[in-house]
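Please model the entire structure based on the sequences and the hints provided.
Protein sequences, first through last, are from chains A and B.
Counted from 1, the first sequence has number 444 at position 125 by my numbering; the numbering is strictly sequential.
Counted from 1, the second sequence has number 393 at position 74 by my numbering; the numbering is strictly sequential.
Check before you lean on any hint, since a few could be wrong.
For chains that are exact copies, the list does not tell them apart, and a pair is met inside one copy or across any two.
Okay, derived cross-link-like pairs now, PhoX-like style, lysine-lysine, Cα gap no bigger than 25 Å in a straight line [as the list claims (entries may be wrong)]:
hint, residue 1, residue 2
1, Lys484, Lys429
2, Lys361, Lys421
3, Lys464, Lys411
4, Lys464, Lys451
5, Lys429, Lys361
6, Lys421, Lys436
7, Lys484, Lys421
8, Lys448, Lys436
9, Lys361, Lys448
10, Lys451, Lys484
11, Lys429, Lys407
These aren't lab readings, by the way, just hints derived from the structure by calculation.
Here the structure is a predicted model, which means the values were calculated and not measured.
There are 2 protein chains.
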Amino acid sequence: MNILSYTFEEYIELVRSFHGYPAPGVIIGGFMVELAYQHLPKEGLFDAICETEKCLPDAIQLLTPCTIGNGWLRIMNIGCFALTLYDKHSGKGIRVFLDPLKLDAWPEIKSWFYQQKPRGEQDNQLLMKEIKQAGANILSARQVKVDSSLLNKHRAGSALCPLLKEAQPPADNKTCLGCQGKISYIEETSIS
Amino acid sequence: MNILSYTFEEYIELVRSFHGYPAPGVIIGGFMVELAYQHLPKEGLFDAICETEKCLPDAIQLLTPCTIGNGWLRIMNIGCFALTLYDKHSGKGIRVFLDPLKLDAWPEIKSWFYQQKPRGEQDNQLLMKEIKQAGANILSARQVKVDSSLLNKHRAGSALCPLLKEAQPPADNKTCLGCQGKISYIEETSIS
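Next up, the structure:
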């Protein structure tokens, strides 16, 4: 089974170059994006929601126009291994998730998913073989409609934090969140 | 001025293919990553923090091994147009930010950054010309040490949400955050 225009092996190389290594979650994520597209209209502008920050966002970024930086991919980290591609205007789309109820036939995937073995004891070759053989058989999909409250995204402009002398969203008024202690750096030396 | 191994024009094409269009923030972000690397040791494993979710994360993902899915890039959205690359063990690194105090010589960049004109009235050609000419001259850098509390990242394993029958982090105990209403889908039909 191909993953969009890639063979399984080509996709593994793509994942390696972007993600650093052929992580099982990104590989399975490829089949998830493929399955979502199979059920979406051929034409349309689709945004993405990813329900985990682990691995899966990179499959979305590699295979769809949606990235974390362009704002078309939103990560709502509720910890489900699930993604949704949906029409950005209507909210109608497809949610695909790795279905634990379908994992019994694939013991190495199940063991990986539930972290039943230390990573070092994982049989990576068998795991990849099972992932390739399983393809979409470990996934489930739903037609969904994303709540309208999620469709309109406001990206704030910039103002100057009087303390840091850097830009920050104007809504955060006086000083920026950095100066309010939301992030901890110990600054040492200005270098340019 | 090159951006790592890319010419300015090559980098623009790279950004177009990943981000969808040559967004000024991702282009400037390229110079920011380049500047950070100039001040980092040649050897080392560097994680990234990005202080905005707008555009800049994609420059990091394109030019460093750090992605949102592999966990080496962390977005702490405090709204500063700033990134930090730091040694993942010691926390020592370089923070680079677009410095508003250096923007007066570059009116089109300044106007873009503060959103002083509607996007349609922006002179994109002039903006790109200024970005290319300015290079690192609109940036400032600091040697920093990232607080140790940020260095150790725990990625939770998976358990089964009894309601949704999907996996979720075990720490979230009974039902998953989805079932607790943290994300709103209206489910319509199971399709596979």
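Each hint, compared with the structure:
| no. | hint | in the structure |
| --- | --- | --- |
| 1 | Lys484 <-> Lys429 | between (50 Å within a copy, 14 Å between copies) |
| 2 | Lys361 <-> Lys421 | neither (28 Å within a copy, 46 Å between copies) |
| 3 | Lys464 <-> Lys411 | within (4 Å within a copy, 45 Å between copies) |
| 4 | Lys464 <-> Lys451 | neither (30 Å within a copy, 43 Å between copies) |
| 5 | Lys429 <-> Lys361 | neither (33 Å within a copy, 40 Å between copies) |
| 6 | Lys421 <-> Lys436 | within (19 Å within a copy, 53 Å between copies) |
| 7 | Lys484 <-> Lys421 | between (54 Å within a copy, 11 Å between copies) |
| 8 | Lys448 <-> Lys436 | within (18 Å within a copy, 54 Å between copies) |
| 9 | Lys361 <-> Lys448 | neither (31 Å within a copy, 37 Å between copies) |
| 10 | Lys451 <-> Lys484 | between (52 Å within a copy, 24 Å between copies) |
| 11 | Lys429 <-> Lys407 | neither (34 Å within a copy, 30 Å between copies) |
Going down the numbered hints, you'll see the structure goes against 2, 4, 5, 9 and 11, while the others check out.
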